[in-house]
Amino acid sequence: MGTETTARLELKSITKRFPGVLANDQVSFSVQPGEIHALLGENGAGKSTLVKMIYGIMQPDGGEIRWNGERIVVANPKAARRLGIGMVFQHFSLFEAMTVLENIALGMDAKIPARELEARIKEVMTQYGLKLEPHRIVSTLSVGERQRIEIVRALLLNPKLLIMDEPTSVLTPQEVEQLFIVLRQLASEGCSILYISHKLHEIKALCHTATILRGGKLVDTCNPSVETSRSMAEKMIGGNLKTIEKAEGRAIGREKLIVNRLNMPARSHFGVSLKDITFTVREGEIFGIAGVAGNGQNALLLALSGETLSEDEGAITVDGAKLGRLTAKQRRLAGVSSVPEERNGHAAVPEFTLADNSVLTARDRLGMVKIGLIDQRAAKTYAGEVISTFAVKALGPGSTAGSLSGGNLQKYIMGREIMQNPAVLVVSQPTWGVDAGAAAAIHQALVDLAAAGSAIVVISQDLDELLSLCDTLAVINEGRLSPAMKVADADIEEIGLLMGGVHGDPAATANLHPELAHAHQA
Amino acid sequence: MRIKLEKRPEPSTVMQFVTPVASVLLTMLIGVIVFDALGIKGGRAVTDIFLTPLLATYKWQDVAVKAAPLIIIALGLSIGNRAQIWNIGAEGQYIIGALAAAGVGIAAGGAGGGAIITLMILAGIVGGTLWAVVPAFLKTRLNVNETLTTLMLTYVALQVLGYLVGGPWKDPNGRNFPATAPLHADQTLPILFPGTTVHLGVAIALILPFVFWIIMSRSVFGYQIRVVGSAPDAARHGGFDAKQTIWLSLLIAGGMAGLAGALEFAGALKAINLGFPSGYGFTAIIVSFLGRLNPIGCLIAGIVLAVTYVGGQIAQTTVHIPNSTAGIFQAMMLFFILASDILIRYRVRFVASPKATPLPAAGE
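Residue numbers (our numbering), protein chains in the order written: chain S, 1 to 522; chain V, 1 to 364.
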């Protein structure tokens with residue numbers, strides 16, 4: 001078997017039904033050896049379900065899966081791995097209290113001595129340029145670093161088909177390029193890659209074929225190099241794509257949020273401390289903070305939201321009022337709202353209803369509390385308003401946050417903060433793991449809020465997002481913030497180097513931009 | 001066929017109610033099997049422990065009196081348990097509460113009446129609360145594990161009890177037994193139904209669950225406890241102070257245990273001797289979980305556990321099993337309730353094993 005015409009993987013009329021939903025409806029496509037095949041679709045389009053069946057986590061209700069031409073049943077992920085199917089999930093399955101090495105060892109089906117495994121991990125890491133410290137505890141790692149564990153874990157198995165679920169969301173442009181080199185290298189060695197994404201230009205740059213899903217059905221299988229990003233996006237969302245409407249020459253007003261020499265010690269041994277963070281955001285301005293995961297973004301969000309307090313009350317001021325020593329509750333009353341990166345368990349409580357989740361951050365500003373009791377009706381009404389204004393797909397205010405898809409929950413959380421008309425809004429990773437339709441809606445909402453005179457800080461690892469959204473941009477690296485630059489004059493190469501910072505190869509950095517590398521190290 | 005656990009899209013409300021009931025039924029079933037295997041009439045033992053107290057009306061007052069402290073303590077513990085702050089020293093807080101009430105009674109001398117009784121009850125609450133201050137302080141300041149400190153303080157409380165009833169507070173007319181003098185009649189809690197032992201504490205135990213239910217479901221404080229328990233990071237994001245939560249949940253649990261101790265002393269036992277601590281503070285942990293940390297659930301679970309206490313005494317005389325058998329049943333209930341928790345978030349499905357054979361050694 002295995003002639004040139006035999007597909008590595010072939011799906012025939014795969015159908016999967018959940019109570020109340022047809023997640024996959026007669027989906028058929030095939031992936032050739034060495035092909036990088038994109039699987040494109042909005043959240044809820046059925047991509048995850050489909051790859052879960054390929055990886056043996058679920059069984060299809062109908063249809064068949066063929067592997068090198070033979071019909072197979074992938075009983076479980078272990079069987080999938082035995083066949084040579086590896087997967088890097090969007091949501092990582094890692095034990096927080098264990099080290100990188102222990103996590104990888106746990107994911108291996110074969111028992112390999114720790115020392116040998118470490119050597120193999122280091123080999124894979126250097127071969128593919130993935131930087132990781134094997135003995136660090138996972139709980140101290142950033143999202144980006146955690147993803148690297150998953151990638152290394154999959155690569156250790158020498159897969160014949162590698163499934164990648166939204167892999168580039170947390171990488172710098174240079175890292176994305178590096179990953180693409182890895183993936184192209186793998187493909188040239190004959191490994192097939194199923195690449196789930198909604199970043200259309202990446203798909204155009206990387207993938208040979210794209211299969212587009214919408215509402216569980218296959219819409220089209222096309223060649224991304226002949227399609228435009230726009231045409232693929234429209235197939236994906238089944239309508240016209242909205243572009244961000246940014247009023248030209250928007251008035252940017254007086255200084256609103258001033259952060260002056262904000263210092264914050266690291267929260268844990270491996271954490272990142274903030275060092276002399278200084279920037280100013282004006283009324284109506286969207287200020288972007290770019291950077292690779294794990295460079296102090298979380299610490300910065302917590303310091304701005306008041307979840308950690310500064311020693312210096314003047315380190316953070318809004319309209320001249322000193323907020324540095326105020327608690328999260330007091331800052332919210334002073335008009336500072338925030339949206340942390342982690343939706344489940346930080347920005348929202350998954351097992352609470354949306355109404356209850358509105359109480360979490362809106363209770364004081366919107367007067368939902370009367371003599372110590374929560375006004376349930378006000379909470380419900382507000383949740384309902386957020387749901388309708390932000391077109392959140394949910395049954396109603398009584399749905400639990402955990403029952404919403406990532407994109408819908410993110411729209412809800414953004415809406416919950418934006419509809420409180422904050423003077424300052426700090427958001428981290430506003431569109432991480434969110435589909436194109438929801439991302440566009442979130443971006444538009446931020447632009448509208450800025451137009452209404454709020455000062456907005458967007459912390460994101462998605463540089464494209466920042467470049468399209470922000471007026472001003474700075475880069476965070478190892479807890480230090482670069483000087484701000486106008487997005488209009490920004491040089492992507494320079495931003496990338498700032499993002500890479502000391503993570504990159506210093507020699508290369510020095511060669512490319514001697515003065516920059518020098519300034520950064522000083 | 002194989003058994004598979006499948007995550008439910010939403011936690012099951014039905015299972016919230018089914019699992020505690022199923023735990024009790026399973027406990028009974030296992031009890032029958034185990035006792036039969038031991039050569040004791042299992043059916044009879046389980047009937048006596050679980051059903052006779054409910055069927056024999058003259059046992060109801062015993063059940064009510066025993067349920068009262070269990071319910072009151074469990075209400076306080078449920079708040080901590082929900083916020084994942086584990087106070088397992090309610091027994092000690094209960095003892096100190098009773099001692100504080102006794103101290104007020106002794107200090108009042110012969111005086112009695114509503115004011116003194118109220119003062120005794122308040123002293124019980126304050127005593128239990130103060131006993132919980134120590135673990136709360138150690139936890140918030142030095143990050144000392146509250147499970148250890150609360151439990152250890154129970155043994156300290158036992159020593160305090162032994163010292164007081166054997167020394168300063170010993171009944172001068174008590175033939176040198178280590179026990180306090182019996183309370184004056186006008187220092188004891190009023191009896192609700194003449195001719196029974198049902199005292200005011202029972203009424204308090206019936207009302208408090210509804211007060212707690214309102215607090216937990218409607219108030220900002222209840223919300224805070226629920227958020228801290230479900231998602232500590234979200235609680236911090238929402239502006240809730242973690243230390244405040246620790247303080248409040250430990251102090252409330254201490255206060256409730258102290259209240260239960262004062263009521264048990266002034267309502268049921270009327271004197272404190274070395275046998276005063278009867279494990280209510282520990283059994284209330286089971287009540288709290290069997291009641292799903294829900295105040296109304298605690299009310300029902302408190303009655304169930306009280307039934308096993310009373311039933312244990314019945315079975316002692318009818319099938320001659322030791323009184324501690326009731327403890328075995330109580331423990332079994334706790335295990336079953338904790339184990340069946342998974343059914344709230346997951347459902348069990350029986351699925352056919354995959355039919356087609358996996359590709360043999362594909363590519364290897």
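Watch out, some of these pointers could steer you wrong.
[Claimed, not checked] Partner residues aside, some chain V positions facing chain S, computed with beta carbon under 7 Å:
1. Ile-3
2. Leu-5
3. Pro-9
4. Glu-10
5. Thr-13
6. Ala-108
7. Arg-218
8. Ser-219
9. Ala-231
10. Asp-233
11. Ala-234
12. Arg-236
13. Ala-242
14. Gln-244
If you're looking for bench data, these hints aren't it; they were derived computationally from the structure.
Predicted, not measured: the structure shown is a model, and the values here were computed from it.
Think of the CB as a built atom: it goes at the ideal place given N, C-alpha and C, for glycine as much as any other residue.
In rising order, the numbers of the hints this structure does not comply with: 1, 2, 5, 6, 13 and 14
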